[in-house]
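K.L.:
Those protein sequence lines, which keep their order, are chains A and B.
The first sequence begins at 1 in the numbering used here and counts up one residue at a time.
The second sequence begins at 1001 in the numbering used here and counts up one residue at a time.
Do not rely on the hints blindly, as some may be mistaken.
Unchecked claim - Okay, the calculated bits of chain A under chain B, using three or more residues with CB under 8 Å as the criterion:
1) 38-47
2) 59-68
3) 292-304
To be verified - The list that follows gives simulated cross-link-like pairs (lysine to any residue, SDA-like), each with its CA atoms no further than 20 Å apart:
4) A:K19 <-> B:D1135
5) B:K1081 <-> B:V1127
6) B:K1067 <-> A:R286
7) B:K1199 <-> B:F1034
8) A:K284 <-> B:E1229
9) B:K1246 <-> B:E1274
10) A:K248 <-> B:E1274
11) A:K248 <-> A:D318
12) A:K284 <-> B:K1067
13) B:K1197 <-> A:D246
14) A:K19 <-> B:G1097
15) A:K46 <-> B:L1276
16) B:K1066 <-> B:L1198
17) A:K245 <-> B:I1242
18) A:K132 <-> A:P77
19) A:K46 <-> B:T1092
20) A:K245 <-> B:L1276
21) B:K1067 <-> B:S1039
22) A:K245 <-> A:S291
Simulated from the structure, these hints should not be mistaken for lab results.
Since the model is a prediction, treat every value here as computed from it, not as a measurement.
Just so it is clear, CB atoms sit at the ideal spot from N, CA and C, and this is done for glycine as well.
In case you want the letters, here they are:
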Amino acid sequence: MPSGNDLFNHPFSHIYVEKAASDHPLTQAILARFSKSVIIPVGHYKDVFNRPRQNFGIQKQSQALILAKNRGASIFPGAPVCQDFGYDHFYYASSIRNCIFDCDYCFLKGMYGSGNIVVFVNLEDTFSELEKLLAEHPVYLCISYDTDLIALESLTGFTSRWIEFTRTHKDLTIEIRTKSFRKDIYDKTEPCDRVIFAYTISPRSIIERYESKTATLSERIAAASYAMAKGFPVRLCFDPIIYCKDWKDAYSSMIQEVSENIDMHQLKDVSIGSFRIPSDYIHKLRRDFPSSPVCQFPYENINGVFQYPEKIRAGMEDYLGSLLQNLISKDRIYKIDTNQVP
Amino acid sequence: MLFILCALTAEAKPLISALSLRKDNTSCPYDTYFAEDNSVVLAISGMGTVAAASATTYLLTRFGTKKEQDHLINFGSCAGKDPGMYLINKITDDISGREYYPDMLYDLSSAGLSFSSEKALTTVNHVVSSLEDPDQLYEMEASGIFQAGSHFLPPHRMLFLKYVSDSGVEDPKSITNAHLTACAEQQLSTVLLILGKLKNISEEIPSIDEDLFLSASYALHLSETLRHELYQLFVYARSENIDIEKILDGLKKEGRIPAPSKREGKEVLHAIRERLI
Ligand code: SF4
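Using the sequences and the accompanying hints, generate a full structural model.
P.N.:
As structure tokens, this is what we get:
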């Protein structure tokens, strides 16, 4: 990857604005904030986002922002590779595509051709869509599925709006997954027991090696603690577990650091799952990131999902499970069931 | 390699001489010029999108492209309100209405092109007599070059550098070659700085020891599928800086390589994996 401070434009130096989204108040607010950026009007966001032969990795060096209007569905049934935490009606919402963080193993790199970020400014239309679904049955919704919503909170304000929406819709439970260090969101809004903040927890060495631009382990722990202190339900996700030669040491010192700094009994629950990814995505990741060990690991292809060989997978998950069982009751430990993965 | 396309010789002249490009005297469909070290090749397409697209395809197929290393640069004149040189961030094809977007990743301010030097451009099929939209630039090739180029190169490896030669004219003949060359000459130092910068931008293409891989896959009698698996082990070893040759040597010393049969070859493949991870 070419590098050098002076080679690339700064992130969001270029903002593509769909004509249909240009008058939206959020578009206007974002553009006012980035007054020095170059604004490029576009007919349809796909004309930029879906161009052929884009280089995801290079674009991440100078991410452009695309402001668009979502015209189709923005709520989708959860993928089988995801943990559903026992909820029957498990969905995810897609209001932002791509992320300002840069994890080597991110499935978005396999899913999208572009590393640029699309913000669908019309969140109110997603809320209307969701209200129709809520009229049918309760919904469990991951709202930070193809982005890290908290990391983009100062840009979009979406997390706060989701919390307010959830508070007034009693059949809705949302999960906000994050690797961010930000705590200010917890000062700005009242807690709600149906708004779950889910922190991905990884060992220091894995964060340094594979989770570029994300918060450090101590920052994530501090933010999770803070959320709990403010009364929000918090989930810790030991998922994805990433293999490394010294995984036992790495994961046991991580658990030690977590247990020393977090009141485990206060947690809503924890989840455990080793890295897994659909085959289409890993092929693209391998092509685009030839030097990344986590992309190039010789995974086993089980029914179209690449995952660690059984011995490694079960070894890591069981080990982590046994450590956690000493800290939190068994019924609050969720393990991804790989047999359920198609 | 830097592939440069200009519509007219008059636009290319200053570059050809500054870069000491030599004309290819073999029979070529388009006038083609080379740098001594083959780092730059320039072709004259002629006017219009069809000529530009076909010259782009000629250039990129004749010399072959490496999408991690090469850049395609369209340098030429255009009509616009203010004189100067511009980096194009959006190309609209006037006939089809389609829009094309080169990636704007590189910071070219040190070469003299700041954000204020970026503009949108419309590709038209005639010399314009006036500027329909004074904020736009107008010319006759860019959309063809982008469309053809995007079959070969990613959008961050295509740059469109346009200098203003006029603000629209009733009679195209009034724009003389001498004028186009003089305007190009004025932008030469900026263009050379940009080319110098682009020349050094290359993305990594790590490779494995192909000979070692081939000899190992023969020695293990691997099927096509298992060869892919071995290849993946080579790539993984390289990403982790593990010396796979050492592992293979170890297996040779143990008498397991070469394998006597396909079945044993498969077992050795398994052993390589075990030792790697
Ligand atoms: S934080 Fe999540 S969405 Fe963002 S890059 Fe990492 S894995 Fe992808």
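K.L.:
With reference to the structure, classify each hint as holding or not holding.
P.N.:
Here is how each hint holds up against the structure:
1. 38-47: It holds, with 6 qualifying residues against the three required.
2. 59-68: Since 4 is at least three, the answer is holds.
3. 292-304: holds (count 6)
4. A:K19 <-> B:D1135: holds (17 Å)
5. B:K1081 <-> B:V1127: holds (15 Å)
6. B:K1067 <-> A:R286: holds (16 Å)
7. B:K1199 <-> B:F1034: Holds, at about 15 Å.
8. A:K284 <-> B:E1229: With Cα atoms ~16 Å apart, K284 of chain A and E1229 of chain B stay inside 20 Å; holds.
9. B:K1246 <-> B:E1274: holds (14 Å)
10. A:K248 <-> B:E1274: holds (18 Å)
11. A:K248 <-> A:D318: Holds, because 11 Å separates the two Cα atoms, which is no more than 20 Å.
12. A:K284 <-> B:K1067: holds (16 Å)
13. B:K1197 <-> A:D246: With Cα atoms ~42 Å apart, K1197 of chain B and D246 of chain A exceed 20 Å; violated.
14. A:K19 <-> B:G1097: holds (15 Å)
15. A:K46 <-> B:L1276: Violated - the C-alpha atoms of L1276 of chain B and K46 of chain A are around 42 Å apart, more than 20 Å.
16. B:K1066 <-> B:L1198: Satisfied, since the Cα-Cα distance of roughly 14 Å is no more than 20 Å.
17. A:K245 <-> B:I1242: holds (12 Å)
18. A:K132 <-> A:P77: Within the cut-off at roughly 14 Å; holds.
19. A:K46 <-> B:T1092: holds (15 Å)
20. A:K245 <-> B:L1276: holds (10 Å)
21. B:K1067 <-> B:S1039: holds (15 Å)
22. A:K245 <-> A:S291: holds (17 Å)
Consistency note: the structure conflicts with the earlier hints numbered 13, 15.
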